[in-house]
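Enquirer: Protein chains in written order, with the numbering used here: chain A, 1 to 306; chain B, 1 to 280; chain C, 1 to 274.
Keep in mind that the hints were calculated from the coordinates and are not lab data.
Note that beta-carbon positions come from the ideal geometry of N, C-alpha and C, so glycine has one too.
Heads up, some of the hints might be wrong.
[Said to hold, decoys possible] To give an idea of the interface, some chain B residues facing chain A are shown, with a C-beta separation under 10 Å as derived from the structure:
#1 M73
#2 M77
#3 R81
#4 P84
#5 V85
#6 G86
#7 R87
#8 D118
#9 E119
#10 T120
#11 Y134
#12 E135
#13 H156
[Stated by the list, open to error] Sample of chain A residues at the chain C side, in silico, Cβ under 10 Å:
#14 L136
#15 E137
#16 T138
#17 N142
#18 D150
#19 D151
Letter by letter, the chains look like this.
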Amino acid sequence: MNHHPGAWGQTLTPHQRFDAYSSSAPSRYQPSTSGSGIVGNGNDHGFYDAPGGNEAVMAGGVVGHTQQPLVTGTSVLGLVFADGVMLAADNLASYGSLARFRDIQRLIPLESSKHSSSCLAVGGDMSDFQYLQKQLETMIINERTQALGDDHPSLGPVQIYEYLSNLMYARRSKMDPLWNAMLLGGVKDGESFLGYVDLLGTTYTSPTLASGFGSHMAQPLLREAYEKRQAQGKSGEREGELMSRDEAVAVLEDCMKVLYYRDARSMNKYQIATITAQGVDISASKSNETEWKFAEGLRGYGPQKQ
Amino acid sequence: MVEYAQEAVKQGSAAVGLRSKSHAILLTLKRSTGELASYQKKLIKIDDHVGVAIAGLTSDARVLSNFMRQLAMQSRMLYARPIPVGRIVQSIADRAQANTQQYGKRPYGVGFLVIGKDETGPHLFEFSPAGITYEYHAHSIGARSQSAKTYLEEHHAEYEDCSLDELIQHGLSALRDTLQQDKTLTMKNTSIGIIGPATSTVTGASTSKKTNFRVLDDEAVEPYLREMRIRRGEPESGEVKEEEDTQAEAHESEAAAGDAAAEGPTAAASDGDGDVQMQE
Amino acid sequence: MSSIGTGYDLSVSTYSPDGRLFQVEYAAKAAENAGLAIGLKCSDGIVLAVEKIVQSKLLVKGANRRIMSLDNHVGMVSSGLLADGRHLAKRGREEAQSYRDQYGAPMTLKVRPDKPASVVSSLMAKGWSSPCSQALIERVAMYEHAYTCYGSVRPFGISTIMAGVDKTGPQLYVVEPSGSYYGYRASAVGKGKQLAKTELEKLDLSNITVKQGVMEVARIAHLVHDDNKDGNFELEMTWIGPETKGFHEHVPSQLLQEAEEAAKRALEEAMEED
Numbered sequence: 001m002n003h004h005p006g007a008w009g010q011t012l013t014p015h016q017r018f019d020a021y022s023s024s025a026p027s028r029y030q031p032s033t034s035g036s037g038i039v040g041n042g043n044d045h046g047f048y049d050a051p052g053g054n055e056a057v058m059a060g061g062v063v064g065h066t067q068q069p070l071v072t073g074t075s076v077l078g079l080v081f082a083d084g085v086m087l088a089a090d091n092l093a094s095y096g097s098l099a100r101f102r103d104i105q106r107l108i109p110l111e112s113s114k115h116s117s118s119c120l121a122v123g124g125d126m127s128d129f130q131y132l133q134k135q136l137e138t139m140i141i142n143e144r145t146q147a148l149g150d151d152h153p154s155l156g157p158v159q160i161y162e163y164l165s166n167l168m169y170a171r172r173s174k175m176d177p178l179w180n181a182m183l184l185g186g187v188k189d190g191e192s193f194l195g196y197v198d199l200l201g202t203t204y205t206s207p208t209l210a211s212g213f214g215s216h217m218a219q220p221l222l223r224e225a226y227e228k229r230q231a232q233g234k235s236g237e238r239e240g241e242l243m244s245r246d247e248a249v250a251v252l253e254d255c256m257k258v259l260y261y262r263d264a265r266s267m268n269k270y271q272i273a274t275i276t277a278q279g280v281d282i283s284a285s286k287s288n289e290t291e292w293k294f295a296e297g298l299r300g301y302g303p304q305k306q
Numbered sequence: 001m002v003e004y005a006q007e008a009v010k011q012g013s014a015a016v017g018l019r020s021k022s023h024a025i026l027l028t029l030k031r032s033t034g035e036l037a038s039y040q041k042k043l044i045k046i047d048d049h050v051g052v053a054i055a056g057l058t059s060d061a062r063v064l065s066n067f068m069r070q071l072a073m074q075s076r077m078l079y080a081r082p083i084p085v086g087r088i089v090q091s092i093a094d095r096a097q098a099n100t101q102q103y104g105k106r107p108y109g110v111g112f113l114v115i116g117k118d119e120t121g122p123h124l125f126e127f128s129p130a131g132i133t134y135e136y137h138a139h140s141i142g143a144r145s146q147s148a149k150t151y152l153e154e155h156h157a158e159y160e161d162c163s164l165d166e167l168i169q170h171g172l173s174a175l176r177d178t179l180q181q182d183k184t185l186t187m188k189n190t191s192i193g194i195i196g197p198a199t200s201t202v203t204g205a206s207t208s209k210k211t212n213f214r215v216l217d218d219e220a221v222e223p224y225l226r227e228m229r230i231r232r233g234e235p236e237s238g239e240v241k242e243e244e245d246t247q248a249e250a251h252e253s254e255a256a257a258g259d260a261a262a263e264g265p266t267a268a269a270s271d272g273d274g275d276v277q278m279q280e
Numbered sequence: 001m002s003s004i005g006t007g008y009d010l011s012v013s014t015y016s017p018d019g020r021l022f023q024v025e026y027a028a029k030a031a032e033n034a035g036l037a038i039g040l041k042c043s044d045g046i047v048l049a050v051e052k053i054v055q056s057k058l059l060v061k062g063a064n065r066r067i068m069s070l071d072n073h074v075g076m077v078s079s080g081l082l083a084d085g086r087h088l089a090k091r092g093r094e095e096a097q098s099y100r101d102q103y104g105a106p107m108t109l110k111v112r113p114d115k116p117a118s119v120v121s122s123l124m125a126k127g128w129s130s131p132c133s134q135a136l137i138e139r140v141a142m143y144e145h146a147y148t149c150y151g152s153v154r155p156f157g158i159s160t161i162m163a164g165v166d167k168t169g170p171q172l173y174v175v176e177p178s179g180s181y182y183g184y185r186a187s188a189v190g191k192g193k194q195l196a197k198t199e200l201e202k203l204d205l206s207n208i209t210v211k212q213g214v215m216e217v218a219r220i221a222h223l224v225h226d227d228n229k230d231g232n233f234e235l236e237m238t239w240i241g242p243e244t245k246g247f248h249e250h251v252p253s254q255l256l257q258e259a260e261e262a263a264k265r266a267l268e269e270a271m272e273e274d
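Isolated chain A, as found in the complex (with noise of 0.2 Å):
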């Protein structure tokens, strides 16, 4: 299992296959043969007329457009409560395994107003995912100046998530994807919405989810509890469904421990971004209390002999 950003998308090679545990994600940069425009085309969206292409390898004849991320954020989660949608996403920005930036907010609020609020987590590409900042924050202008004139509704999630998905999808369709795989959440007249989206244009929803190593760590953990709660909420042990906006935090912040403790390219300083219809709330960053002593009984790799 490689869940190195490096590795998203890229199928494995026989040695890989064989070799679980090999550390290094097959680099396929390719240094272009001919200038790649920086000027686009003029098109209205900016996605349809990505830089690149023609990087053809005269040599091989082979195209390779393909990157590879080079600051990265790790797993981000999701999870529906009886307010709306909670997300969360710690702190940090790695350089391959050097945790390089730790000071960066993976939570955007996007557009919040009386009709709906929405925001977006990422995990990912870090450049990337300020190039994605910049084409939503120029969609919400956009509206935003076209709603002085008529007083519509804003987009609302579910839009701003067939957005992104479109973007997407369109980025992985010129084999340039937009190295990034994200969370939307958002409340609009009433309804939650928690939605997936990732570099190969590949979209799910849910009423929790996680991205990366959060798939497999901390989305069966969040759903259990959202299930748990679920079942109480029908035999009538407690009222309503869903999860309280207390007992979703406890959830969220037990899902950042196991991840923290787990996954190598995280660190002990998240957000958590509440999603309501009153707006989005982004907390201040926090940590939790963790145990290490285990560690000293660990056998089997570092630097002591049995």
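Once you've looked at the hints, dock chains B and C against the given chain A.
Expert: Showing chains B and C alone in chain A's frame:
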């Protein structure tokens, strides 16, 4: 130049639009160039939630309505959102403006009434070749549309709370006022476009459960025309056929009106409603 | 205009013997007789307003907006040909967006060089563009000016007030069809602009807040408007200030209503005194 383009709109046959809290409707008067020709369609569906009525040059209308369809599809594809009605109308207006400012281009010779429904409710807009749009409660464009406007203004306070049936009756009355003295509305020359839930007592069974844009032509229009005739105290079946002569005679006092109605379809077919015949 | 009708007014590319461009002057005329628009620069923001004559009672109240946004922090309103105003706004939005794309920051309306002139000119000698050419007003005015230079186009038939709050504070400019522009503390364009300007001059413009501004602008709009001559009108008003967190938004309907009622009361009182 722009003023002349607006004349082209006035040459086109009339269209009337009305809007209530729950519905927006269009009513149009169709023309045909001769007995062998069919009636020119005046209502165009743009998307499930948007429809237009045209007055003026049909070919220009096609260019603009294709553009509107593109925009509507783009909005659905990119954002999964039915395009807000005001914005799609504004887009064609902005396009029309460019044609008024550049040498070698001519303004579009067509006017639109656009109805639609979005998150802010039902709407009725007018688009004119000068590149201007207005939102109305009720409006009319095309030949002798001033007469319809006079009717619409008289009743301007009523539309907001109208049922669909009442709205259509107001629309038919307004449309009727654009006709020449000896002409009448028939199921051949009248089309109705509707957006909003189908709750009609006139037709009995509802035509559609959906609120989407739909067009009523021919037989589907007849119940509304009959209702109109009843309200005006005219013979119930306007299009008097041979076998209905007895019924027509029963209303002797209104024989004149009945006769006019009887020659309705053919008369309209032979010389339109008396306008200059434009290739619409 | 002695040269009227002598063929010197058919194209913008033709000067009259006394050196005037009649097409451009006609364009300015188009702007003079349209509904009044007022712009006010306050100590903490800006206020824009426009008087909309109600041409038909079938028009939907509150719809058919005239004031437009170019970006989060910039608004504009023009008097004259409506469609030309929208054309200009479209260009303004493109300029503002392109600046954001390139520099990642909101565009200023007008850069006032904060460096000594010698530094600026030496930078320009190295190929840097003039600080002003990176400013929204300059770009929009250049665009309007281009439409006075060619026989194939006609000039914009609008006078435009553009106002916003950028990093240098509140800003307000009026752009004419010729492409010339001037900064103001307050201005008015369209029908009755002289009277409106006279009233604006009476205000304490260096200390007025946007909240007071809304009241004053409403009063002036009602004062200038002649119900008997022009018929009913609707007042549309937007602002940028502390209340909007720097965004260009409509003045809340409740506040606008208050302002209009106060305006009507003030007018009645003034009438009684006369």
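Enquirer: Each hint: holds or not?
Expert: Now the hints, each set against the structure:
1. M73: violated, 13 Å
2. M77: holds, 7 Å
3. R81: Hint holds; B/R81 Cβ to chain A Cβ min 5 Å, cut 10 Å.
4. P84: Check passed: Cβ of B/P84 comes within 4 Å of chain A, closer than 10 Å.
5. V85: With a closest approach of 8 Å, the B/V85 hint holds.
6. G86: holds, 4 Å
7. R87: holds, 6 Å
8. D118: holds, 7 Å
9. E119: Hint on B/E119: holds, closest Cβ of chain A at ~5 Å, below 10 Å.
10. T120: It holds, given that the least Cβ distance between B/T120 and chain A is near 6 Å, below 10 Å.
11. Y134: At 13 Å from the nearest chain A Cβ, B/Y134 fails the 10 Å test, so the hint is violated.
12. E135: holds, 9 Å
13. H156: violated, 22 Å
14. L136: Constraint on A/L136 not satisfied, violated at 12 Å.
15. E137: holds, 8 Å
16. T138: holds, 6 Å
17. N142: At about 8 Å, which falls below the 10 Å cut-off, the nearest Cβ of chain C leaves the hint on A/N142 intact, so it holds.
18. D150: Hint holds; A/D150 Cβ to chain C Cβ min 7 Å, cut 10 Å.
19. D151: holds, 8 Å
Checked against the numbered hints above, the structure breaks hints 1, 11, 13 and 14 and satisfies the rest.
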